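Colleague: Chains as they are written, first to last, in my numbering: chain Y, 429 to 716; chain Z, 4 to 226.
Hints are computed from structural coordinates only; laboratory data are not their basis. Bear in mind the structure is a predicted one, so any value in this text is a computation, not a measurement. Misleading hints may appear alongside valid ones.
What the hints assert, rightly or not - Chain Y stretches covered by chain Z per the calculated footprint, using a threshold of three residues with CB under 8 Å from any CB of chain Z:
| hint | region |
| --- | --- |
| 1 | 443 to 450 |
| 2 | 526 to 536 |
Stated by the list, open to error - In silico BS3-like pairs for lysine-lysine, Cα to Cα no more than 27 Å straight-line:
| hint | chain 1 | residue 1 | chain 2 | residue 2 |
| --- | --- | --- | --- | --- |
| 3 | Y | 621 | Y | 516 |
| 4 | Z | 160 | Y | 487 |
| 5 | Z | 117 | Y | 609 |
| 6 | Y | 487 | Z | 117 |
| 7 | Y | 621 | Z | 117 |
| 8 | Z | 73 | Y | 477 |
By construction, the Cβ of each residue, glycine as well, lies at the ideal position given by its N, Cα and C atoms.
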Amino acid sequence: MNLMAIIIINVLISFLFGSILLGFHRKIMARIQLRPGPPIIQYFLHSLKFFFKETAFPKTASMPFYLSIVCILCGIWIAAIIIGPVLKGSLLLLFAIYAVYKIVEHNAGSSSGSPYGKMSCVRAVFSASSELPLFAVIAIIYLQVGSMNISDIINYQSIHGPLILKLPLVAIVLFVLILSKSPYSPFGITKGKDIISGYETEHFGLMRGYIMLSDSISWYMLSWMFLTIFFGNLSVLSYVVGMLVIAFLTGLINATTPILNPNHSVMSQISMALIGLLGSLLLMFFVF
Amino acid sequence: MDLGSLGGDLMGIVPLGDIVLYLTPLHLFMFIAVLTFTFLIAISRTETQVEASFGDLKDNELKVGLAEFKARRFLAIICGIATAGAMITGDLFNFILFVALTGVVNVGIVSAVKQIDVLDAAFQYGLIAMMASLPLFGGGAIILAATGTLSFFELAKFTSNSMVLFGSTLLLIGVAGETGIAPFFATKAEMFRTPGSPFILIIHLSSLFMIIRAIEILLVIIT
């Protein structure tokens, strides 16, 4: 099939299934809290709704950054789909995309001029300093596999078995990273309800639609990355089940855990990253 | 080791004597991303930061003055260019120089503001960055002494030993200090309370991209 057609199909699937997963996540949280919760397709409907709402711009905003940052957010996650599911490229490149995502989170908050956005921007700097070390545990995967290319990681697992059995601590650390990005996460300090909607507070209409679309794609992408890195090349059904399990587990944790304050969040994440990094090195050299 | 196993297949090399620049999809992506953000910084105006004033119901508006705007924009563009250079360099000494330059320029970007808390945070970050330059350059010197080269192409062929590991550890500490990641992040985050969104963005961007490049370089050196 034509490469462009494959890319478009993958982007559409990631948006549709990603938004369904986020809806499922919300449903799980509601059921645990003994509420009926919204329908599973609610997140998808919300995303579509914002594309038809009136768009307003704060007069205090830093133009053109305020506008372009949303386009960049959308662009990087589409790039992630191309590098990941389509081309099965370098994991390090996905790491770079995640770093740009942290930049976008930071600047979307600060460029609006809103004090809530500004607070979210400062918190984004806090969270980036701990989430990047979490992502940096992919260096352990390189030491184990000898390559950062996702296709090589898949081939390695088809010969040696799933990496989750060899690198369980790395899997836990990357799961914490996914947990940090899930809605209402205990580590979600940039979107804490004490600062309204964080960096999204001043983004309305079309721009909020693009943010929600990007969130759906990013959730699908992170789940895909986790499953592919630690379980190898799965069938479509296994991917669906795996992503639903991840959404269920994160929903369960988020529904039963309060949001941490920024200092506790950063220290918890950095401690997990260090334990994962050092523990994995010990396991690699002394056990396996 | 194969350099293509880290950032994707090699797209090309530029041999400049001992220093060999090479491009992979990772370098290209980060190079283009940094230049895009630098371009946006150059053409953007700053936001007006609105805060509640204490004791009455008025809003307190914080703006960036023209002289301050020009100085900070200039330093932000320098920081962007230095970061872009660090993304495509094939030489460890060049990378270290770019990291040190971004550390200095980052302090400069916020030193033009007139908020005491922000200046205090910048001063403390400056102290950490200054102290981190010792392990940063020391790590590079030890790697040079142990391997006889600073070219990534040559370092990739070299078998790692304990001196190289020691030098790499120092290099990592140096980069962590210069870029202000955990556990050095605390004062740096306070610097971001100042208005001037486009300029403070490049501080964050340069730090994150330097860390990614540092991880790639360390894997090239030690494996």
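Colleague: Determine for every hint whether it applies to the structure shown.
Modeller: These are the hints, each one checked on the structure:
| no. | hint | result |
| --- | --- | --- |
| 1 | 443 to 450 | violated (count 0) |
| 2 | 526 to 536 | holds (count 6) |
| 3 | Y:621 x Y:516 | 37 Å, violated |
| 4 | Z:160 x Y:487 | 56 Å, violated |
| 5 | Z:117 x Y:609 | 35 Å, violated |
| 6 | Y:487 x Z:117 | 24 Å, holds |
| 7 | Y:621 x Z:117 | 31 Å, violated |
| 8 | Z:73 x Y:477 | 41 Å, violated |
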